[in-house]
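The task is to assemble the complex, starting from two chains supplied on their own in separate frames and drawing on the hints.
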Amino acid sequence: MKLVKLIEYLRNHLKAVVRICLVLLALLVLFDAIPALVDKKDASTHIEALPGFWALFGFVGCALLIIVSKWLGHAGVMQREDYYDE
Amino acid sequence: MSNFWIHPALILILGALLLPLVPKQLKRAYLLLIPVLVFLRVLTLTKGTFGVVTILGWHLTFGRVDQLSLIFGYIMSLMCILSTLYGLHVKEDVQHIAAWIYVSGSIGAIFAGDYITLFIFLEAMAFSSVFLIWFRRRRESLPAGYRYLLVHTTGGLILLAGMIIHHQQVGNWDFVQLNVHHPTAAVYLIMIGFMVNAAVPPLHAWLPDAYGEATFNGSVFLCAFTTKTAVYSLCRSLAGMQILLILGVIMALYGVVYAVLENDCRRLLGYHIISQVGYMVAGVGLGTQMAINGACAHAFAHILYKGLLFMGTGAVLYKTGESKFTGLGGLWKKMPWTFVFTLVGGLSISAFPFFSGFVSKSMVVDAGFASHKLWAGYLLLLAASGTFLHTGLKVPYFIWFGKNQRKPEVWNRAGEPPWNMNLAMAAMAFLCIFIGCYTPYLYHMLPYPQVAQQFHPYTAYHITQTLLILLFTGVGFFVLLKKLKPEPTISLDFDWFYRMGGRAFRWLARKPVQLTDTFVGELYRYVGLIPLMFTARFAGLVDNDVIDALVDGLAGGIRNIGRRLRSAQRGQMQQNLAFAFGAAAVLIVAFILYSTR
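If you read the sequences in order, they're chains A and B. Residue numbers 1 to 86, in our numbering, belong to the letters of the first sequence in order. Residue numbers 1 to 597, in our numbering, belong to the letters of the second sequence in order.
Bound-form chain B, shown alone (with noise of 0.2 Å):
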C-alpha cells in the first residue's frame, strides 16, 4: 500500500523549510497558505492504511488513518491555522519554523502506526518547541528551556526502554491497544513515557514552567500540541489502564490547587491544562466507548479554548509586556474586546452551557457515573467548580478589573493587538460557541460515533446542575474576594527536585569532586609524574647517543651509495627508462625460468 500517499505532515515540513525563501511581500499570505492546505489534506484522508516503509526489516506505518486519529489530525492542523494567524505579523522566520516543525511532530505522532515512528515525531516535538521558549529571550528563558528539554528527553527515554522490551515480547512495533489488564513493566514504562508528556503529577513540572515563560504566540501552540498528542497517545494504547483514572482525578484538582495560588496568569492556564487533562486522561482510565468518546471530545474542545485563553492572556502580555496579576488591572477600558474574547474562553473552560465544554466535559463525567465510579464523578464536579472559579473569575477579573496595582507603563502600553490576533480569537471564540450549540459536529467525529449520539448533553437537569454548581462558586469567589487577592509568589512544585537537584549536583562538581581531582592531580605528580620524567631523561639518553649515532650511520651510508649511483647515470629519461625496463625483463624471464624448471 506504499504508493504515492501524501503525508500532511510533510507538507507543513517543506513549507517550513522554504519559508526563508519566500519573498517579504508575499510571507503572510504564505504563512497561511501552507497551514490551510495541511487542513486541507487532512480532510481528504480517506481510511486506511498508508506510507509504510520498510527500513532494516522493520515496517514503519507513516499514514494509519482512522476515526481516532482523524479527530486529532482535524483538531491539530485546524489549530495550526489559527494559531499561525494569531503570530501572522512576527517577523523571524526561525519562530514560524520552529512552530510548523512543532506541529508537524504532533501531525506525524497521531498518524503514526508504530512505535519507531511515534518516538521519532515525539522527539521532533520537544526539540523543535524549545525554540518556542528560546525565542521569549529573557534572562529566565534559556534556563526554563533547558529544563523543559531534559524533561522532555528523559521521558523520551523511558518510553523508548518500554518500546524495545515490549518489542522483546511482541515481535514487532505496531502501535496499538497494550495488554491494560495484566500489565508488563513495557506497559508501565510506555505509560510513564506518555505521562511525562501529558504532564500527568508528579512528572508534570514541566508544563506551567515552560508555558508561562514562552513567547507569546509560542504558548498558543504549546498549549495545544504536546499534551494533547500524549492524550491520543494514552487513548490509542492504554484505554482501562485502572490506574489512569485515580491519576487522572488527582490531576484534575491539583491543578486547581496551584491555580488558586499561581500569580502570573499564563503559569494558572498551565496548571488548568493539567487539570482539564486530568479528565481526558480519568476517561481513558475509564476506557469505555463513551469515556474514551469523552476524552477525544474533551481534547477537540480544550484545544480551542485553551487556545483562546492562551491568545487572550497573550495579547496583554504582547501589549503590556506584563502577565502577573499583581502587575495587571482595571485593562478593561483599553483592552475590552480581548476581555469578551478571554471570557468566551473562560466559559467555555468552565463548561457553560451553549459552550464547547459543557458538550465535552460532561461526557466524561457522565461516563464516571456510568461506571458507577461516583467518587470520580463528584470530585470532577468539584474541579469544575474550581475551574470557573479561575479561569472564568479570577483571570478576567484581575487582569480587566480588581484593583489597580499596575504600573503606569503598563496602562500607556496597553490596548487592543493587532487585527490578526483579534482575527484569532474572533475564530476561535466562535468555534468554541458553535460546538457547544450544534453538537452533531463535534460527535460525528468521535472515535464511537453512534455512542456519542445517544448521549444528550442538554437535559433540564443537566443544565441545572451545572449552572447551579457554576454560579454558586461565582457567589464563593466574590465572598471569598478578599482570600484571593494575588500575591507576588511563586509556587513550589515538583521542579524543585530537578532544580534544587541540578543546584546539589553543581555544588557536588565544585566541592568534592574539584577536591578529589586535585587530590588525584598531585598524586600523579609524586607517583607518575616524577618516575616518568627520570625515565624521559634515561631515554633521551639512549635517543641522543645510540639511535642517532645508528640513524646518521644509515643516512651517511644510503648517501654515499646515492653518490655512487649518480656516476652510474647516463643522462636521458628514455634511457634509463629502457635500461630498467630491460632489467626488469631479464628478471623476470629469469625467474620464469627458474620456476618452471
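Chain A extracted, bound-state conformation (with noise of 0.2 Å):
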C-alpha cells in the first residue's frame, strides 16, 4: 500500500513537514503583501487591502468560533449522553 507508506512517512518526519508549512504560509502572506502581484482592486473596504487582514480573520475567527462555542457547550448546551433516557 503505497498511499499507508506516505502517510507513514509524513508521520515520521512531522517537525519537518510542520516547518515546511509554516514557511509556506509565511511566504503566502508576503505574496498577498506584494501589490504587483496580488491586485487588490476587487476588496470591498480598505481594511481588507491591509497586509495580512485575512491571515488574522482566519486565525481569530477560528479561535473565537472555538472559545465562544465551547464556553456555550459548558454553559448548559452539552449534556450527559443519556440525557433523553427515561
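For the record, the hints were derived by calculation from the structure and aren't laboratory data.
Quick list of in silico lysine-lysine cross-link-like pairs, DSS-like style, CA-CA up to 25 Å:
id: 1; chain 1: A; residue 1: K70; chain 2: B; residue 2: K324
id: 2; chain 1: B; residue 1: K403; chain 2: B; residue 2: K324
id: 3; chain 1: B; residue 1: K482; chain 2: A; residue 2: K15
id: 4; chain 1: B; residue 1: K324; chain 2: B; residue 2: K407
id: 5; chain 1: B; residue 1: K482; chain 2: B; residue 2: K333
id: 6; chain 1: A; residue 1: K15; chain 2: A; residue 2: K5
id: 7; chain 1: A; residue 1: K15; chain 2: B; residue 2: K333
id: 8; chain 1: A; residue 1: K40; chain 2: B; residue 2: K373
id: 9; chain 1: B; residue 1: K483; chain 2: A; residue 2: K70
id: 10; chain 1: B; residue 1: K333; chain 2: A; residue 2: K2
id: 11; chain 1: B; residue 1: K324; chain 2: B; residue 2: K485
In C-alpha cells, the structure reads:
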C-alpha cells in the first residue's frame, strides 16, 4: 500500500512537515502583500487591503468560534449522553 | 400539451415497485440501470410545460422544465446513481425501494408547476425517507424516525395552510415567484413550510437528529434531497425575501457552533448541512441574479461534497459500527483511501481553490458584497473558516489520526469498504475536483448563465484571500487542539422542546387526565349506572310480562292460521301457482274495472 507508506513517511518526519508548512504560510502572506502580484482592487473595504488581514481574520475567527462554542457548550448546551433516557 | 411525456420520477417509481420481481443474478445491474435511465431521461428533457392534468377543475402541471428545474433535476438524478452504487451491496429490497421513492418525490417536486403537485411529492418524500432511518434498527431509530415524521408532517400542514390561503387570494395554484415585497400571511406560511424542509433554525433540529441515526447509506440519500429540494422551492418562490438573508447568515454560523460541540461525526456533518444551506438561503434572501446563481451552484456542489463526506463517514460506520469521535481514531493505516476521499469532500466543502466549494460558495459571498451587505459577507466568510475547522480538519483528524481511544474491536473490524462504496466515493471525489477546476460545466447550467459567465472565481486576490483564511484557521486548529478534544456528550438543541414537550404530554396523559378519567368513571357509576340499572330492571319486567305475552299471542294466532291454510293445500306446486296467478288476475281485473268506473 503506497498510500499508507506515504502517510507513514509524513508522520515520521512530522517536524520537518510542520516547518515546511509554516514557511509556506509565511511566503503566502508575503505574496499576498505585494501589490504587483495580488491586485486588491476587488477588496470591499480598505481594511481588507492591509497585509495579512485575511490571515488574522482566519486565525482570530477560528479561535473565537472554538472558544465561544465551547463556552456555550459548558454553559449547559452539552449534556450527558443519557440525558433523554427515561 | 398533455401529450405522451415520460416523467423521470415515473421511471424511478415503476423501477422501485418492480425491484422485488427482478431475479437475484440481475439485481445489481438493475439497481444501476434504473437510475441511469432516469438520468438519461433528465438529459433529454426539452424546456416547456408538459404533463398537464385536469382534476376537479384544477390544472396540475407535472412537468415544468426550465433552466432552474433542470439544474436541480440533473444533480438529483446524478446523485441517485452514485448513492445507489454506494449501497449496491445492501440485500434488502425495501431499503432501495424506500430510497428510490424518496428520490422520485424530490424529482417530482422539482418539476412540479403547481402547489398541489409539489405538496404531494414533498409528502411522498417525508413518508418514504423515514424508512431510511428506521432500517438502522437500533433502539433509538424508531423514536428518531417518528420525531422526523412528526416535524415534517407539521411543516407540511403549515405549507398546506399557506397554499390554501394563497389560492383564496390569487385564484390559482401556480407555483411561481410570490410577492416578497408585500408578503401576506400566506407567503409567510409557505415560507415556514419550506423553512422546515430547509432546516432553518429554529426549525432545524430534526436534521442532525435524523441524519445521525439513519443507515450508513440512508444518510447519503437523506443529505442530498430534502434540504436541496427546499432550496429549489425557495429559489422558485421567495427570491429576494429580505428575512431569509438574516436567517441564512444565522444558519451558517449556528451549524458551525454546534459542530464544535458534536461528538458524533455524522451529526457533525448534519450541522454542517445547516451551515452550508445557510449560504443558499442567504443567496435566496439577496435575490439578485448572481445570488440565485450562487444558491443553485452551491446546492449542486453541496450535494456532491456532502454526499462524499457522508459516504466516507458512512464507510467508517459500516466497517467499524462506530460513528463517535470518542470511539474512533488512528484509522489511517486501515482505511487510507476512505481518508483521502473524505479529505477531498472536506476540502471541497471548505472551498479550497480547485475544489467545488470554491467556485460556488464565493458566488453567494460576492453577491452579498455586491449588494453592499458587508456584514453578511464577513459573517459568511467567518462561517467558511468554521467549516474548514470541522469538516476539513476535525472530522479527518479525529477519525483517522488523533489519540486512539477506540476499543480493540473497532480496530479489528476496520478496513477498506467494498469496491462499490470505494467506486462511488472515487466518482464523487472526481466530480468535486472537476467542478472546481472546470467552471463552465457548472456555470452553463445555472439559471442565469450569462451572469455566471461574468463571474471569475480564480483571481489572484480571491485565491490568496481564501487560502489565508483557511490555512490560518488550520493554524488555529492545531494551536487550540486540546480545547477541541471530543467529549462524550450530546448537545441540547431546539428538539428539546418537542422531546420534553412529548414527555410533558405523556405525564399529562398519565397523571391529571387519568385522574379525571377515574373521577368521571365514578361519577358515571353513581349518576348514570345505578339509575340505569333501575330503569333496566323495570324495562325487563315490562318486557317479560307485557311484550312477551303480546308476541306469544301473535305467534300463536299465526300458527293457527297456518294450520288451517295447510289443510287448504292441494298438493302440487303447479296447481298452487296457477291458483295464485288466477286469484291475482281476478284481483287485477276487479281493480281495473273498479278504478275505471
